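*Asks:* Sequence:
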Amino acid sequence: MSERTITVKVLARVEGEGALHIRMRGDDVEIAEFRIFEPPRFFEGLMRGRQASEAPDITSRICGICPVAYISSASQAVEQAYGIEISPEIAALRRLMYCGEWIQSHVLHAAMLHAPDFLGLHDIIAMSEVEPDLVRQALRLKKLGNSLMEVVGGRAVHPVNTRVGGFFKAPPVAEIAALIPELLWGIDAARELALRFSAFEFPPDAGAYTFVALVHPEVYPIETGRIASSTGLDIPVEAFHEHFLEEQVERSTALHGRMRDGRAYLVGPLARYALNRERLTPSARETAEACGLGAVERNPFRSILVRMVEVQYACEEALRLARAYVPPDPPAVTAPVREGTGQGCTEAPRGLCHHRYQIDADGRILDATIVPPTSQNQPQIEADLLRVVRQSRDLDDAALQWRCEQTIRNYDPCISCATHFLTLTVDRD
Numbered sequence: 008m009s010e011r012t013i014t015v016k017v018l019a020r021v022e023g024e025g026a027l028h029i030r031m032r033g034d035d036v037e038i039a040e041f042r043i044f045e046p047p048r049f050f051e052g053l054m055r056g057r058q059a060s061e062a063p064d065i066t067s068r069i070c071g072i073c074p075v076a077y078i079s080s081a082s083q084a085v086e087q088a089y090g091i092e093i094s095p096e097i098a099a100l101r102r103l104m105y106c107g108e109w110i111q112s113h114v115l116h117a118a119m120l121h122a123p124d125f126l127g128l129h130d131i132i133a134m135s136e137v138e139p140d141l142v143r144q145a146l147r148l149k150k151l152g153n154s155l156m157e158v159v160g161g162r163a164v165h166p167v168n169t170r171v172g173g174f175f176k177a178p179p180v181a182e183i184a185a186l187i188p189e190l191l192w193g194i195d196a197a198r199e200l201a202l203r204f205s206a207f208e209f210p211p212d213a214g215a216y217t218f219v220a221l222v223h224p225e226v227y228p229i230e231t232g233r234i235a236s237s238t239g240l241d242i243p244v245e246a247f248h249e250h251f252l253e254e255q256v257e258r259s260t261a262l263h264g265r266m267r268d269g270r271a272y273l274v275g276p277l278a279r280y281a282l283n284r285e286r287l288t289p290s291a292r293e294t295a296e297a298c299g300l301g302a303v304e305r306n307p308f309r310s311i312l313v314r315m316v317e318v319q320y321a322c323e324e325a326l327r328l329a330r331a332y333v334p335p336d337p338p339a340v341t342a343p344v345r346e347g348t349g350q351g352c353t354e355a356p357r358g359l360c361h362h363r364y365q366i367d368a369d370g371r372i373l374d375a376t377i378v379p380p381t382s383q384n385q386p387q388i389e390a391d392l393l394r395v396v397r398q399s400r401d402l403d404d405a406a407l408q409w410r411c412e413q414t415i416r417n418y419d420p421c422i423s424c425a426t427h428f429l430t431l432t433v434d435r436d
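Per the numbering used here, the sequence shown runs over residues 8 to 436.
These are calculated hints, taken from the structure and not from any lab test.
Any given hint could turn out to be false.
As the list claims (entries may be wrong) - For each label pair, taking beta carbons as the anchor points, the in silico distance ranges come out as:
no.	residue 1	residue 2	range
1	167	98	39 to 47 Å
2	223	406	36 to 44 Å
3	348	132	19 to 27 Å
4	393	206	26 to 34 Å
Just so it is clear, the structure is predicted and the values come from calculations on it, not from any experiment.
A virtual CB, placed ideally from N, CA and C, is assigned to each residue, including glycine.
Between the sequences and the hints, there should be enough to build the whole structure, so can you do that?
*Replies:* Have a look at this one:
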């Protein structure tokens, strides 16, 4: 019986260091693994003994692409522990900054890391030679997201204007208003890119996914909501660990997330869209329909379209928030330090980002648990690899390798986000 192996030692166009290993024997797929070998950075251990007020700044360093996700989730967890209720104005400003992160992160992935797959190109440099206008438009759109983060957060990478309870200072009205013309352009630009990408040839595929995402009765969830699934789960953020767990596997320096009944699940754009489509703006829903997206999209290769629909929504939501902006006064809400446990959860561009902190009476963190989206998606990524390889066995090795790499890039995995903890057991004789 013939054996066939596909191995990619270092994956390209993903954030962090990962590998791919496929082994087939005859028609049987024996191994389909997404291996993560980036050294773990032990952020949860690093947090112990630190002041809870430091949590947003420290955890934002987990990722330079989605720092706002960590800032927001960490802030929520500490605020819950301390009994802080932020004002509507602070909540709106935090959401505005988060819109900037969605825009820049989604455009970085969709246009610069993922689109080359569909054009048969190896990178954005090659793409700029055949699609220069598309690349220019994408770069300008990404810059718009960076500008939002800079104006609200103080800088585009690892914002410094945020704190537990809100912000160190509120941006002037004029600086927020100055973003409006570019946001108006961004809405149209996001729609144009979504329609352009909808012309790509997508491999036929459909996953039997359990979608998990935040849901909210009034808005498309970014920084607020309850946790829900496509199978009927509807729980508060505080119940996350009652229904989900992480486990360690030998092939990965990142933990694998599963539901407590053992099922893999999917977080991120496809899940948010499936559970919250009606909360999109009418024009964003129109773009989704024009791209051929139905009420639920189960082809992971078409996730690039959902990301661009979310970029359009984020531009529209940022425009609404900018037009209605009232500087919060005071810019932050404070409360006495107290002992307690707090949890926070927001929608990073790649999916749920959940934080839990146990804090002592002096405000020190006794225990920290951070569950990033890529950890949660790892079992589902491997399930996709298995399914795609079975469907694509007739491809030659080069084409099959490309298809497998593309399958992983569908998720925009943030490997650095995922490699922050390992279970260490020391057995001394």
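*Asks:* Does each hint fit the structure? Answer for all of them.
*Replies:* Structure-based check of each hint:
{"no.": "1", "hint": "167 x 98: 39 to 47 Å", "in the structure": "20 Å, violated"}
{"no.": "2", "hint": "223 x 406: 36 to 44 Å", "in the structure": "42 Å, holds"}
{"no.": "3", "hint": "348 x 132: 19 to 27 Å", "in the structure": "48 Å, violated"}
{"no.": "4", "hint": "393 x 206: 26 to 34 Å", "in the structure": "29 Å, holds"}
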